[in-house]
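Engineer: So you can see what is in the structure, the chains are spelled out below.
Protein chains: 2
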Amino acid sequence: MIGIILEEENMKRVLTSEINKHIGEEILLEGWIHKLRKLGGISFIVLRDRAGLAQAVIDGAKENDKLKELTTETVVKITGKVVKEERAPHGAELHDAKIEILSPVKEDIPIAINKKEMNINLDTLLDNRPITLRNPKQRAIFRVQREVLDAFRSFFEEHDFTEVNTPKIVCSGAETGGAEMFEVKYFKKKALLAQSPQLYKQIMAGVYERVFETAYVYRAEPHATSRHINEYMSLDMEMAFIDSWMDLIDIHQDLIKYMVEWLEKHSKNDFELLGATIPKYVKIPQMKLKEAQEILEKEFGEKCVGEPDLEPKHERQICEYAAKKYGSDFVFITHYPSKKRPFYTMDDPESPGETLSFDALFRGVEVTTGGQRLHLYEDYQEKMKERKMTEEGFEDYLSIFKYGMPPHGGFCLGLERLTEKFLGLSNIREASLFPRDINRLRP
Amino acid sequence: MIGIILEEENMKRVLTSEINKHIGEEILLEGWIHKLRKLGGISFIVLRDRAGLAQAVIDGAKENDKLKELTTETVVKITGKVVKEERAPHGAELHDAKIEILSPVKEDIPIAINKKEMNINLDTLLDNRPITLRNPKQRAIFRVQREVLDAFRSFFEEHDFTEVNTPKIVCSGAETGGAEMFEVKYFKKKALLAQSPQLYKQIMAGVYERVFETAYVYRAEPHATSRHINEYMSLDMEMAFIDSWMDLIDIHQDLIKYMVEWLEKHSKNDFELLGATIPKYVKIPQMKLKEAQEILEKEFGEKCVGEPDLEPKHERQICEYAAKKYGSDFVFITHYPSKKRPFYTMDDPESPGETLSFDALFRGVEVTTGGQRLHLYEDYQEKMKERKMTEEGFEDYLSIFKYGMPPHGGFCLGLERLTEKFLGLSNIREASLFPRDINRLRP
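Going down the list, the sequences are from chains A and B.
For the first sequence, our numbering begins at 146 and goes up steadily by one.
For the second sequence, our numbering begins at 146 and goes up steadily by one.
These are calculated hints, taken from the structure and not from any lab test.
Worth double-checking, as some hints may not be accurate.
If several chains are the same, the list does not tell them apart, and a pair holds so long as it fits within one copy or across any two.
Keeping only pairs whose Cα atoms sit at most 25 Å apart, straight-line, the calculated DSS-like set for lysine-lysine is [said to hold, decoys possible]:
1) K443 <-> K469
2) K261 <-> K547
3) K251 <-> K530
Could you put the whole structure together from the sequences, leaning on the hints where they help?
Structural biologist: Structure follows, in structure tokens:
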């Protein structure tokens with residue numbers, strides 16, 4: 146078979162998305178047979194490559210004979226002449242196409258990944274990730290995710306933040322002192338998988354003032370909800386020389402604006418394919434936890450005033466309220482009680498028992514946690530004493546506060562939750578290529 | 146003290162690197178007291194911020210009184226008038242400066258981080274990372290590292306690669322089938338920390354054709370050498386629809402060219418500060434392992450022909466040779482023997498026992514490993530049988546070869562080694578913010 150198109154072997158490959166720029170030319174496509182339809186002496190192939198789909202028309206007995214043995218997912222080279230065809234993808238198709246097998250299929254693929262909707266349940270989707278990811282909608286999800294990640298990095302680079310990579314094998318926990326962390330057998334020692342770069346990003350704020358990190362973190366929480374996975378991408382930032390915690394809210398506002406504009410520019414087609422809507426940016430409304438609880442009571446009849454946190458249901462309701470009242474898909478909830486926030490959180494000097502901290506909720510779920518940190522050594526000593534924490538395992542971290550730490554704070558976003566909510570998916574697992582949860586350790 | 150400069154409170158902060166744009170103006174600087182010199186009634190402060198250093202002159206008894214209690218690393222605000230001064234950093238300094246303490250120092254800093262050379266040994270450097278990183282040269286190392294990372298990502302984005310994030314908690318090993326991998330207690334199961342994204346990046350090449358990932362990987366190798374750390378940043382790429390393994394060599398060539406130009410553009414000052422040289426790009430020479438061994442024998446009297454790999458000493462020698470003969474700081478060594486390469490490596494059909502694989506050496510050390518992979522299911526079955534491997538734990542991975550995988554290959558670079566060699570450091574640990582090795586689990 147190779148001999149047949151040998152003469153075209155030096156042809157440069159064209160991507161499916163580019164075929165309409167080659168009307169009238171003989172071109173070479175490479176990809177997977179996405180669909181194959183035989184109608185007597187004529188066959189139609191829809192070819193899939195990284196850029197999308199394109200149609201090729203195979204005419205004549207000789208070429209059609211070759212198709213007998215072929216099934217979808219066979220990897221092929223197709224040469225042919227580009228002809229305008231309004232009904233085909235990209236408004237053109239290949240005529241008089243010739244086909245060469247690059248890599249055969251061993252078994253028929255068990256899932257119809259070439260359908261717009263695969264109509265399989267979540268477990269089947271995830272169990273078969275290596276092939277279900279080939280579905281065009283699945284591919285689109287993670288292209289959007291990559292753009293969200295890119296937007297985050299690009300925003301902070303433009304704002305003079307330095308990217309850092311801090312260790313994930315650690316010996317102490319940032320928030321829980323080791324609870325709900327995975328244990329690693331580290332040679333003859335016991336280590337833990339980092340649940341957050343918190344302590345390290347504060348250290349690095351003492352070095353570069355402004356830092357960000359995009360990396361996996363690990364939580365050994367035995368949840369089995371649609372909101373939790375145990376390995377997730379944490380988008381972290383930390384920033385020194387803030388005048389107040391409001392600097393953090395302001396830069397978060399700007400980040401969302403930037404992200405939304407970025408997605409408008411880079412991901413419009415993928416959002417369309419997925420039937421999702423890029424949120425319109427409006428100034429994000431902001432309310433204290435207490436105020437949110439009063440709204441929940443008044444508007445939704447929820448008796449929650451005085452509770453230390455919002456329940457998942459309350460997060461959905463307050464987002465509903467913010468969308469209706471302010472036209473915003475995001476809302477900041479601030480001033481969480483001191484006892485619900487980690488020891489490094491700064492209390493509000495004007496409101497004892499409350500902290501200078503915030504969450505951002507997005508379309509019904511918390512996507513960001515942040516706040517101002519303590520920066521004086523004495524304040525850490527006092528707070529840790531109050532909580533009956535020892536300094537053991539925190540010595541390196543605490544040392545920075547002895548040698549001059551400016552006022553600072555930061556926040557972190559969960560990339561998978563963000564992607565899930567941008568795209569209106571129904572489970573965080575759909576926004577992780579190979580999710581890890583209490584029951585799932587493969588693929 | 147706060148009252149004194151209250152009137153300037155709304156002044157916008159200027160970075161030290163920008164002061165010469167404000168000659169004659171009253172400005173506000175914020176940062177750490179890097180150096181403090183008192184000469185009778187006049188004092189000189191060198192202030193350090195994220196952008197660099199600037200000098201301020203403090204005159205008058207009242208302001209100088211404040212300095213009595215101050216030591217280096219105190220975090221301060223300084224206001225003053227910018228005056229041209231050729232001998233000061235950035236050609237200007239602040240006169241008539243007024244100072245306000247933002248955050249005090251609790252103890253004198255135990256290491257003189259304000260010296261050009263700290264003159265401490267590696268263990269002291271690393272044990273005290275949270276503060277030694279504040280040293281200007283240390284900061285420069287990781288600014289360069291971030292640019293290397295940025296260049297890698299930017300290059301592959303420009304070449305239509307999709308960034309992916311694959312799991313680091315896995316149940317099987319890519320290369321060793323579990324040997325030399327860290328064990329994780331994953332709820333009630335046993336899991337491993339990924340030593341490479343190899344299997345996942347091949348899966349993803351079946352989805353997006355071209356993918357890259359920049360993430361930590363973990364090796365439980367009990368080495369204690371200057372070349373190994375146990376948690377490192379792996380810069381991975383994988384690319385489908387290659388015509389031959391030479392496509393990988395070609396794109397690696399282009400990557401190095403791009404990286405060198407990127408560093409010329411973004412990191413010139415940091416290289417200067419560190420006394421390091423950005424390599425000049427020349428076409429990278431390429432030789433088979435056998436040829437390299439013949440050169441080693443002929444030029445250096447090393448009897449190594451027939452050995453399955455190069456020893457560290459040989460890597461240094463062959464780099465020396467390539468630098469002298471071709472003027473190149475990089476050299477490709479190709480065609481490693483099949484038995485030394487992982488099971489997924491493609492053998493050279495024209496040279497049995499040898500593989501279509503390569504390493505890139507850079508200034509004496511291996512920084513890249515890559516090659517073409519098998520893409521036919523039968524070939525995997527055969528190779529795994531040959532090696533007496535079972536398919537257990539590899540089922541998800543192997544499934545992709547049943548359903549059409551194009552010819553593909555890829556490579557990975559170690560970010561810390563690359564940084565180390567770009568900057569002429571003497572130990573890989575100097576190129577990791579918080580290195581992990583057999584003895585080191587903190588800070």
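Engineer: Any of the earlier hints contradicted here, and which numbers?
Structural biologist: none
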